[in-house]
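A.B. asks: Protein chains in written order, with the numbering used here: chain R, 1 to 328; chain G, 1001 to 1198.
Honestly, the hints are just simulated from the structure, not real lab data.
As the structure is a prediction and not an experimental result, all values here were calculated from the model.
Treat the hints with care, since some could be wrong.
Unchecked claim - Derived Cβ-Cβ restraints for the label pairs, each shown as a range:
#, chain 1, residue 1, chain 2, residue 2, range
1, R, Ala85, G, Phe1073, 52 to 60 Å
2, G, Gly1044, R, Val183, 48 to 56 Å
3, R, Gln59, G, Glu1145, 33 to 41 Å
4, R, Gln59, G, Ile1014, 56 to 64 Å
5, G, Ile1014, R, Ile86, 49 to 57 Å
6, G, Trp1031, R, Phe98, 55 to 63 Å
7, R, Thr283, G, Arg1193, 47 to 55 Å
As the list claims (entries may be wrong) - Using 25 Å as the maximum straight-line C-alpha spacing, the simulated SDA-like pairs for lysine to any residue come out as follows:
#, chain 1, residue 1, chain 2, residue 2
8, R, Lys49, G, Ile1196
9, G, Lys1115, R, Lys39
10, R, Lys39, G, Ala1169
11, R, Lys39, G, Lys1024
12, G, Lys1115, R, Met155
13, R, Lys49, G, Lys1178
14, G, Lys1024, R, Ala149
15, G, Lys1084, R, Lys39
16, R, Lys148, G, Asn1070
17, G, Lys1178, R, Ser37
18, G, Lys1115, R, Ser37
19, G, Lys1158, R, Cys62
20, R, Lys49, G, Lys1084
Ideal Cβ placement from N, Cα and C applies to all residues, glycine included.
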Amino acid sequence: MTLHTRIRTILGVFAIAFAVAFVTPATAQSVNPQQQSVKEDQLLRELNKITGRCTLPNQTACTIEQPVGRDWREFHQVTLRWIAAISIVGVLALLVVFYLTRGMVKIESGRSGRTVTRFNGYERFVHWMTATCFIILALSGLNITFGKALLLPIMSPEAFTAISQWGKYFHNYLSFPFTIGTVMIFLMWIGGNIPNKTDVEWVKRGGGIVGKDHPPAYRFNGGQKMIYWIVVLGGAAVAISGYILMFPFYGTTVSGVQLAQIVHGIVAALFIAAMLGHIYIGTIGMEGAFEAMGSGEVDVNWAKEHHKLWLEEEMGKGSSRAKAQPAE
Amino acid sequence: MARMKFLCDADRCIECNACVTACKNEHEVPWGINRRRVVTINDGQPGERSVSMACMHCTDAPCAAVCPVNCFFTTADGVVLHSKDLCIGCGYCFYACPFGAPQYPRVGNFGSRGKMDKCTFCAGGPNPENTAANYAQYGTNRLAEGKLPLCAEMCSTKSLLAGDGDIIAKIYKERVAKRGYGSGAWGWKTAYRETIAG
Ligand code: HEM
Ligand code: SF4
Ligand code: SF4
């Protein structure tokens, strides 16, 4: 072997060794393309959802997996139903018991025959507009929560769908007058509804409905102020969460909409329970109360017993009192 | 009876969107609605994977549970279908669905989104006959003709498998055993509460 061929051989061996050394790790890598790839479990653990890039105009479609839907289902099918059933049926039961033991709160000194204006036409209009919307919203909303359990078994699926479809239209469209009414209530009665010292006294003395007492009150007593704030704050909460449900995916994702539904469902249930109490006192719970929102005129003796300080203010205004805007 | 399932072998999907196109064409799915879509995760980065996703026809389906008018039903084949005549378009099934499958014809969402639409596993609607009215609402009923979903049939790499859950799971397991890797059956744990060892 010449030196020349020997060098060639040595070089050749080197080349092969080099090639083997270089190529082997490369092939080992390509055998396991799995090493770096994204994994479902890991993605779900990190973000609790899997989102990527997709070529669709509807970008919510780029989320392909989001197991939280299962939790929301549990809330919607079980938790919300219990909350709503307990609060609504519970309050109804309490009211029945209360009515049977206490009965209607009478005007103790009887009717005087003279009246004083409590709510003017504008106030009554706003009240009844909001109240009508509320009742229809409550019934159509409860149909979404309980309809398939209570109504569907007693009618055909087609009839139940027709009811629910109409219920949905009413629920969606009446949300507007309801929201406007809530804002108007907020503005027109805010003056008389700031809590103050008389309310503390009023609450301490059981508000006159629990006991036989008649703690003095201005235009709105402690209980009415509570109702006012429930309406204003509860109304704001259902309106905001409701509009998110009505126009989903404007700035929210699925989890945002689920949260809105949770808030909407719970607040609505408690709101309905509170309004049952309000309706009770305004009708069969107290003699002379309904007239305030009916004709707008209340008996002077009723006012004396329930809103003594307010009546004194009204009387102070002299002869114009009956027509005057009620004092704040 | 078979228990129908989908399985997307993400290590094979090349994001060609043949499944999406096949579905849209077969059922003449309206503009704006995609019963199936392909999503690419970590696009352009090492380890990128594409997954073709539609309704998974879940076991104990969440959509059916939350629907306020109970318009869903599960066929003997385990396919989750719904009645568009009964749907009121409330959107709840979309909120509950882990796979974002339900879609609505109107995105304006005011008053009504319109009737919900989703993948039918090529099994039509409540009425199994292939009438024109049924076609307009739900698309073709290929299952009634003894055929499987067209998306999987059209899949260029046979990444997307559709059919009896046991059979497609077996095919997938064989693939994984042969090639030595597999990123698992995406969505199976959430949809069917089971996984295939990858
Ligand atoms: C301000 C306005 C309101 C808006 C925008 C609104 C909107 C909505 C929407 C979009 C839904 C989903 C179902 C559907 O699409 O029909 C819903 C459900 C519901 N709403 Fe309202 N709503 C409002 C006020 C109220 C009020 C005042 C109540 C009760 C007194 C109420 C009670 C309910 C209930 C109980 C549900 C069903 C919850 C469930 O089971 O998922 N809503 N609302
Ligand atoms: S994937 Fe969504 S729409 Fe399909 S059955 Fe499951 S929950 Fe229902
Ligand atoms: S959108 Fe239709 S199918 Fe979905 S939950 Fe509402 S009524 Fe049921």
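A.B. asks: Now, for every hint given, state plainly whether the structure supports it.
C.D. replies: We went through each hint and held it up to the structure:
For Ala85 (chain R) and Phe1073 (chain G), the Cβ-Cβ distance of about 27 Å falls outside the hinted range of 52 to 60 Å, so the restraint is violated. For the hinted restraint 48 to 56 Å between Gly1044 (chain G) and Val183 (chain R), the CB-CB distance of approximately 50 Å keeps it satisfied. For Gln59 (chain R) and Glu1145 (chain G), the hinted distance range of 33 to 41 Å is satisfied, since their beta carbons lie about 35 Å from each other. Distance hint for Gln59 (chain R) and Ile1014 (chain G): a CB-CB separation of about 22 Å, inconsistent with the stated range 56 to 64 Å.
As the Cβ distance of Ile1014 (chain G) to Ile86 (chain R) is approximately 54 Å, the hint placing it in 49 to 57 Å holds. In this structure the hint that Trp1031 (chain G) and Phe98 (chain R) lie 55 to 63 Å apart at CB holds, the actual value being about 59 Å. At about 52 Å, the beta-carbon gap between Thr283 (chain R) and Arg1193 (chain G) stays in the expected band of 47 to 55 Å. For a cut-off of 25 Å, the pair hint linking Lys49 (chain R) to Ile1196 (chain G) stands: about 20 Å separates their Cα positions.
The straight-line distance between the Cα atoms of Lys1115 (chain G) and Lys39 (chain R) is roughly 35 Å, outside the 25 Å bound, and the hint therefore fails. At most 25 Å may separate the alpha-carbon atoms for a hinted pair to count; Lys39 (chain R) and Ala1169 (chain G) meet this at roughly 18 Å. With a CA separation close to 29 Å, the supplied pair Lys39 (chain R) and Lys1024 (chain G) exceeds the 25 Å bound. At roughly 22 Å between alpha-carbon atoms, Lys1115 (chain G) and Met155 (chain R) fall within 25 Å of each other, so this suggested pair holds.
Of the pairs offered as hints, the one joining Lys49 (chain R) and Lys1178 (chain G) is violated, with about 30 Å between alpha carbons and a cut-off of 25 Å exceeded. Under the criterion of a C-alpha separation no larger than 25 Å, the hint pairing Lys1024 (chain G) with Ala149 (chain R) is inconsistent with the structure, at around 36 Å. At roughly 36 Å between alpha-carbon atoms, Lys1084 (chain G) and Lys39 (chain R) are farther apart than 25 Å, so this suggested pair is violated. Restraint check for Lys148 (chain R) and Asn1070 (chain G): satisfied, since their Cα atoms lie roughly 7 Å apart, inside the 25 Å limit.
Our distance criterion of 25 Å between C-alpha atoms is met by Lys1178 (chain G) and Ser37 (chain R), whose separation comes to about 19 Å. Restraint check for Lys1115 (chain G) and Ser37 (chain R): the C-alpha separation of about 38 Å exceeds 25 Å, so the hint is violated. Taking the CA atoms of Lys1158 (chain G) and Cys62 (chain R), the gap is about 22 Å. The hint holds against a cut of 25 Å. Proposed proximity of Lys49 (chain R) and Lys1084 (chain G) is contradicted: the alpha carbons are some 29 Å apart, above 25 Å.
Comparing the model with each earlier hint shows violations of hints 1, 4, 9, 11, 13, 14, 15, 18 and 20; every other hint is respected.
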